[in-house]
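Those protein sequences? They're chains A and B, same order as listed. Residue numbers for the first sequence follow my numbering, beginning at 1 and rising by one. Residue numbers for the second sequence follow my numbering, beginning at 1 and rising by one.
Take the hints with a grain of salt, since some may be wrong.
For chains that are exact copies, the list does not tell them apart, and a pair is met inside one copy or across any two.
[Stated by the list, open to error] Subject to a maximum C-alpha distance of 30 Å in a straight line, what follows is the list of computed DSS-like cross-link-like pairs (lysine-lysine):
id, residue 1, residue 2
1, 138, 62
2, 255, 351
3, 265, 473
4, 473, 255
5, 473, 261
No lab work stands behind these hints, which were simulated from the structure alone.
There are 2 protein chains.
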Amino acid sequence: MTITETNSQVQQWTNLAQQLRVDSIRSTTAAGSGHPTSSMSAADLMSVLMTSYLRYDFDNPKNPNNDHLIFSKGHASPLLYSMYKAAGAITDEELMTLRKFGSRLEGHPTPILPWVDVATGSLGQGLPIGVGVALAGKYLDKLPYHIWVLLGDSEMAEGSQWEAFDHATHYKLDNLVGILDVNRLGQRGETELGWNTAAYQARARAFGWNAIVIDGHNYDEINSAFAQAAQPNGSPTLIVAKTVKGKGVSFLENKEGWHGKALSKDQEEQAIKELNPVRSMTFPVQKPPAGQLPREPEKKPVDLPRYDLKDSVATRKAYGDALKALGAANPDVVGLDGEVSNSTYAEEFAKAFPERFFEQYIAEQQLVAAAVGMSVRHKIPFASTFAAFFTRAYDFIRMAAISRANIRLAGSHAGVSIGEDGPSQMALEDLAMMRCVFGSTVLYPSDPNQTAQLVEQMANHDGIVYMRTTREKTPVLYSPDEQFEVGGSKVIHQSENDRLTIVGAGITLHEALKAYDQLKSQRVTVRVIDAYSVKPMDEETLLAAAQEAGNTFVVVEDHWPEGGLGDAVIDVFTQRDGPMPQVVKLAVQSMPGSGTPAELMEEAGISAHHIVEAVNALLKRV
Amino acid sequence: MTITETNSQVQQWTNLAQQLRVDSIRSTTAAGSGHPTSSMSAADLMSVLMTSYLRYDFDNPKNPNNDHLIFSKGHASPLLYSMYKAAGAITDEELMTLRKFGSRLEGHPTPILPWVDVATGSLGQGLPIGVGVALAGKYLDKLPYHIWVLLGDSEMAEGSQWEAFDHATHYKLDNLVGILDVNRLGQRGETELGWNTAAYQARARAFGWNAIVIDGHNYDEINSAFAQAAQPNGSPTLIVAKTVKGKGVSFLENKEGWHGKALSKDQEEQAIKELNPVRSMTFPVQKPPAGQLPREPEKKPVDLPRYDLKDSVATRKAYGDALKALGAANPDVVGLDGEVSNSTYAEEFAKAFPERFFEQYIAEQQLVAAAVGMSVRHKIPFASTFAAFFTRAYDFIRMAAISRANIRLAGSHAGVSIGEDGPSQMALEDLAMMRCVFGSTVLYPSDPNQTAQLVEQMANHDGIVYMRTTREKTPVLYSPDEQFEVGGSKVIHQSENDRLTIVGAGITLHEALKAYDQLKSQRVTVRVIDAYSVKPMDEETLLAAAQEAGNTFVVVEDHWPEGGLGDAVIDVFTQRDGPMPQVVKLAVQSMPGSGTPAELMEEAGISAHHIVEAVNALLKRV
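The shape of chain A in the complex, shown without the other chains (with noise of 0.2 Å):
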């Protein structure tokens, strides 16, 4: 460039950061809430980063060639509105309707907004999940795309990052970009490490990043490491800018006290003042070069493994086959697995597509968070690991709700039925912790052709949808040509003479026929469910039995008492008119050790035999 044109781009830079300093306190002000200063210390990164470098097509957020700008700092988002304000995507006035309640603009940004990836505002999440973007882009897409990750310096205390950081670098990608926003001040004071830039430098080196230390408002500085950092080599890059929060107004800026803080009226008069911005602008951003998704093959109906009557196979087994016979169907299914994959059996789909497997390591956030990616991508991520970790990262699970992620989880070894691992192994919360996220679908098979039919299901269903495994090998119940869905379930024995009815689901299906036929040798006849569905569940058929079979039920679980199958079966009543069913819960009541499966589940409280006593007890009563 001429000096002429150095100076017109450093002028257009400077206008933008100004426009969005300026727009972020306005937006804020008017909302008497959020954070400007966190907002500002950013301004001339993003400034650059969106006038010279992002690729984006704001009228069509599914052009698969759209970079991806995710706020992993997402209480910044005044500073996120204000660049669509600029980019011409949304109006001034909608600007100031920031955090009022039914605007798009919420106090942190979620995908209400079609240019919004997921969402955030629980920090240290937005790099794992850039991880995932980014395995999409290089290795399914090979798409272009760069993936830029805002951060703020806190977040990096947050572990989380360190697993995007390690993935990264294992898995070279090299069109993700974090750029840390190193503004010293975190909530309530100086961050950890304040402005020690050359030790975050010195952490992303470590980890195999290149790391460039820049003055975050120079914008020489700031267009040299996005030059580079938009080169791949081969390594992630982390831009590590110095930044001061609250940059541009001289009683903000670094000052304490002012995080999450909104001006008052006369202070953003004061502010703008010395702002001194020109009129407000539309900075168009330079759309994508025109690119084209791989050639896939084509989608083929799915093969389902078939299981025979007379055998014995665990359901993880199952879900293991019927993922492969998906990966043969659809090309956008994609593995992903927590080190365990010969014991989840998403090894047998790892074998199969290599190609489409990405092995996470013990490392069930970057786990989860690279499903979310996968999602934003519109693959169709299957993520396993033993059941007991996923509570590792339940907050990612709690946010990709929130980021209406289609994302399936698969949580092997479930209970006290594992056997001698013990307790640290063992899920015994999973199904309360997966009932409570919103829109979620909750499913824990008991048989193998009961399981792949599932799978395939999970596959065609948004939300976040969990399946529960069994370490076990448990009896095919039924034949291939049984049909199940999400929402139902399957009445195994009826008569006209139910007393009451068993509802169990998975392992304790088992148990419950077990029971049954105890009971019916001893002449007392009961309805047995098999609750495959725990959310949705299977309204209808619990009615039904309600009507039908004195109104009472006993529930077992292979899970702690609180939240689980007793309490979804219950939910089924308690909005309805008509008088509450009697419900007995069997579950897990004290802390487990070590054992045989049998010895575990006698000892819990959940073995046929207690089923048995509970039945009779009941019926004593009635």
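Put chain B on the given structure of chain A with help from the hints.
Positioned in the frame of chain A, the structure of chain B alone reads:
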């Protein structure tokens, strides 16, 4: 040492290491399961540690001067138990009960054993917990004990490790030593970094640690490394030991497919031949030096804050005031927060007792782990952050229950009623999540005087104790002389003509009171219960209400419908005789956005007017 002494020392180390290997194999073969090869790779490291550096009194596990040995790679439990046998703490007979039902020697270590500090088995937790213990050692106990953490290489992918690395440096925890067993092989093949010990070293150094790379089977190098690590020099130390999985047995060494597999009887025989141990011996561990805990100020009676009935005070503020009062009364009370102490009001404690407050920054896994570590050293830790962000640490909370840790967690900013910040900051699943933790206590106060008393009781209560606090200021409801307790409730309104009972807690209790007034003006009398103790519930009061007020409840909560207050009320009745009550649950049914607290509660269906509607609808049916 003389050459003879050196040779003799090496011989001792060798003898012990071989015995540990033999016993790891014998115990797992007897169990038919377990992780012998993962145990064998660390045998030389543990042999040197145990013989020459560990200072521990097995006869007096409560000795405050004891070192702490944490097996973060908990699956190497056979090695740990073999060490206990070698130290003379358990018999060979007990060693052979590994993984059997009723044995103290579970698949992964738990504090059922008096020499185990915390349960491990969910990877990546030992080091963050070790940070907590080390903080106690350096800053509170002021005793020179060491914290030795045996780490696996696979688990270095866990982000939580890097929260620990970061914090250990920040707090200069030179009493903390990580021993990294780099045996290259994870559960299903090579780990991400394989034998790249330089990479681990670089990362640790970038995070500020001393890091020494050694051959994990060379006694000279092991001994030197431990000698260095044991000298405090201002920084924590990581010993990066290149090892061989299955070391010592030719058909196991560095072979894939042996993770988590026990040897058959024949293989055991062959292996023992190769290992060629001398007869089983006892290797006494050196006791720690005598040392005194610092003289503590006397405990004083707690002088709780008192709030005036004319005021409006947020329960989160009362938490902060009460914690400060607790800190003044009891020198064992420790404060921890996740960089939001100006929001949680932990800052009140932090300002008053800076020597007992440890900022954990934006790292919630480390926040909870530090509390667990403090619990190991018999402190009374209170850890706070936004309630929503405790989901980040759910695996640590789950494991803390298995550890039988005593920790107090305070989650602020619960529910849609936080307002404009939006859903990323709103806890809507925390009651379900915390109810589903073994042995937990869950409290949700509606009033500051109530909060203060409950905070005091949290300090005296064992297990995982969780309090949910509200962002908004709410009217003081109770006189400070009113009594509240865990397991209690308050009947605010009752009469002989109560048509039904409204149950609320926290913010919705205030909505319930408004509803009561509206209903009263419509000549409808209802009972109103403040269920501030969500777990355990006040069964007596609820049973009486069922009996006296139409066996009908409207339960209203600022929480998703699953697993929270409504289910807690229902649970009082499920295991009992007698007709189940009619229960209508009012809870948040749709994903909230931004808005004022009033707008959001209205939209969520949990405001006073919705309660009135629900009551009227119910009464029409009766």
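Practice task
Check each numbered hint against the structure and report the violated ones by number, ascending.
Solution key: Violated hints: none at all, because every hint is consistent with the structure.
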